[in-house]
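So you can see what is in the structure, the chains are spelled out below.
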Amino acid sequence: AQSVTQPDIHITVSEGASLELRCNYSYGATPYLFWYVQSPGQGLQLLLKYFSGDTLVQGIKGFEAEFKRSQSSFNLRKPSVHWSDAAEYFCAVVPSWQGGGNKLTFGTGTQLKVEL
Amino acid sequence: EPEVTQTPSHQVTQMGQEVILRCVPISNHLYFYWYRQILGQKVEFLVSFYNNEISEKSEIFDDQFSVERPDGSNFTLKIRSTKLEDSAMYFCASSESPSAPLHFGNGTRLTVT
Chain A
1 AQSVTQPDIH ITVSEGASLE LRCNYSYGAT PYLFWYVQSP GQGLQLLLKY FSGDTLVQGI
61 KGFEAEFKRS QSSFNLRKPS VHWSDAAEYF CAVVPSWQGG GNKLTFGTGT QLKVEL
Chain B
1 EPEVTQTPSH QVTQMGQEVI LRCVPISNHL YFYWYRQILG QKVEFLVSFY NNEISEKSEI
61 FDDQFSVERP DGSNFTLKIR STKLEDSAMY FCASSESPSA PLHFGNGTRL TVT
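Protein sequence lines, in the order shown, are assigned to chains A and B. Residue 59 in the numbering used here sits at position 59 of the first sequence, and the numbers go up by one each step. Residue 21 in the numbering used here sits at position 21 of the second sequence, and the numbers go up by one each step.
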């Protein structure tokens, strides 16, 4: 079945430490891939997206993500986490073979806690 | 930066009542969406809307739901007869084109008692 999985429900890191949030997808072909962040009381904000081309994608707020076709993964990374990064992070996909569109399928989210 | 705004931020209603959730998309956007997130569950697509008609809807979006763009700025989601299981955070989103990134509002938390 087609799905997007975020294996980690909660992650805690110390401020200044590096971060990697995992996302795996299960589709017959590579979908369009997205990472969104949701801060408390806020809407979903797009961090970055991958459609094609360079497999390392730069986003806002110092985040990047790497697409690995062999692993069906699109992991989100940040070299040094700030306390303000504490939020919930969602991986999302759109089937590219359906012409894209914005019918996003979201993962279950990873709640990031940052310890000072 | 332009924002998608949603009102109210929190709506409490009794089972069986009608509710209307309101959204003001970004002004030059043409594609509009509703998503919802039941507490502890995934964010789910409900419906997309373009050119005054529904483009696509999920199986969740049954006859109890409807969407409307009543004027040039608002985009509404109506639930005709609310059920307990409709309690969720409802997000409105808009985009310039079908492949452009979505801009989400802050959501309306609907509580059905």
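Bear in mind the hints are in silico, worked out from the structure with no lab data behind them. Honestly, I wouldn't trust all of these hints.
[Unchecked claim] Incomplete in silico selection of chain A near chain B, CB under 10 Å:
{"#": "1", "residue": "28"}
{"#": "2", "residue": "32"}
{"#": "3", "residue": "63"}
[Claimed, not checked] When the alpha-carbon atoms are kept at most 27 Å apart in a straight line, the in silico DSSO-like pairs for lysine-lysine are as follows:
{"#": "4", "chain 1": "B", "residue 1": "83", "chain 2": "B", "residue 2": "57"}
{"#": "5", "chain 1": "A", "residue 1": "103", "chain 2": "B", "residue 2": "83"}
{"#": "6", "chain 1": "A", "residue 1": "61", "chain 2": "B", "residue 2": "83"}
{"#": "7", "chain 1": "B", "residue 1": "78", "chain 2": "A", "residue 2": "68"}
{"#": "8", "chain 1": "B", "residue 1": "78", "chain 2": "B", "residue 2": "42"}
{"#": "9", "chain 1": "A", "residue 1": "61", "chain 2": "A", "residue 2": "49"}
{"#": "10", "chain 1": "B", "residue 1": "42", "chain 2": "B", "residue 2": "57"}
{"#": "11", "chain 1": "A", "residue 1": "49", "chain 2": "A", "residue 2": "103"}
{"#": "12", "chain 1": "B", "residue 1": "57", "chain 2": "B", "residue 2": "78"}
{"#": "13", "chain 1": "A", "residue 1": "113", "chain 2": "B", "residue 2": "78"}
{"#": "14", "chain 1": "A", "residue 1": "103", "chain 2": "A", "residue 2": "61"}
{"#": "15", "chain 1": "B", "residue 1": "42", "chain 2": "B", "residue 2": "83"}
{"#": "16", "chain 1": "A", "residue 1": "103", "chain 2": "A", "residue 2": "68"}
{"#": "17", "chain 1": "A", "residue 1": "68", "chain 2": "A", "residue 2": "49"}
{"#": "18", "chain 1": "B", "residue 1": "83", "chain 2": "A", "residue 2": "49"}
{"#": "19", "chain 1": "B", "residue 1": "57", "chain 2": "A", "residue 2": "113"}
{"#": "20", "chain 1": "B", "residue 1": "57", "chain 2": "A", "residue 2": "49"}
{"#": "21", "chain 1": "A", "residue 1": "49", "chain 2": "B", "residue 2": "78"}
{"#": "22", "chain 1": "B", "residue 1": "83", "chain 2": "A", "residue 2": "113"}
{"#": "23", "chain 1": "A", "residue 1": "61", "chain 2": "A", "residue 2": "113"}
{"#": "24", "chain 1": "A", "residue 1": "49", "chain 2": "A", "residue 2": "113"}
All values reported here derive from a predicted model rather than from experimental measurement. Ideal Cβ positions, reconstructed from N, Cα and C, are used throughout, including at glycine.
Quickly compare the C-alpha distance for residue 83 (chain B) and residue 49 (chain A) to 27 Å and report which way the hint goes. violated (36 Å)
Tell me if the straight-line CA distance from residue 61 (chain A) to residue 49 (chain A) falls inside 27 Å. Between residue 61 (chain A) and residue 49 (chain A) the Cα gap is close to 14 Å, so the pair holds against 27 Å.
Are residue 83 (chain B) and residue 57 (chain B) close enough, with their CA atoms no more than 27 Å apart? holds (19 Å)
Given the hinted pair residue 103 (chain A) and residue 68 (chain A), is their Cα-Cα distance within 27 Å? holds (23 Å)
Assess, step by step, whether the Cα of residue 61 (chain A) is no farther than 27 Å from the Cα of residue 113 (chain A), and give holds or violated. holds (16 Å)
Could you grab the alpha-carbon distance between residue 113 (chain A) and residue 78 (chain B) and see if it respects the 27 Å cut-off? Status violated; Cα separation ~36 Å.
For the pair we were handed, residue 42 (chain B) and residue 83 (chain B), check the Cα-Cα distance against 27 Å. holds (19 Å)
Hinted pair residue 103 (chain A) and residue 83 (chain B), Cα distance within 27 Å: Distance ~25 Å between residue 103 (chain A) and residue 83 (chain B) Cα, so the pair holds.
Is the straight-line distance between the alpha-carbon of residue 78 (chain B) and that of residue 68 (chain A) 27 Å or less? violated (41 Å)
Given the hint that residue 49 (chain A) pairs with residue 113 (chain A), test it: the Cα-Cα distance must not exceed 27 Å. holds (23 Å)
Hint check: residue 49 (chain A) vs residue 103 (chain A), CA-CA at most 27 Å. Holds or violated? holds (14 Å)
Is it true that the CA of residue 57 (chain B) sits at most 27 Å from the CA of residue 78 (chain B)? This hinted pair holds, its Cα atoms lying about 14 Å apart.
Checked against the numbered hints given earlier, this structure breaks hints 1, 3, 6, 7, 13, 18, 19, 21 and 22; the rest are met.
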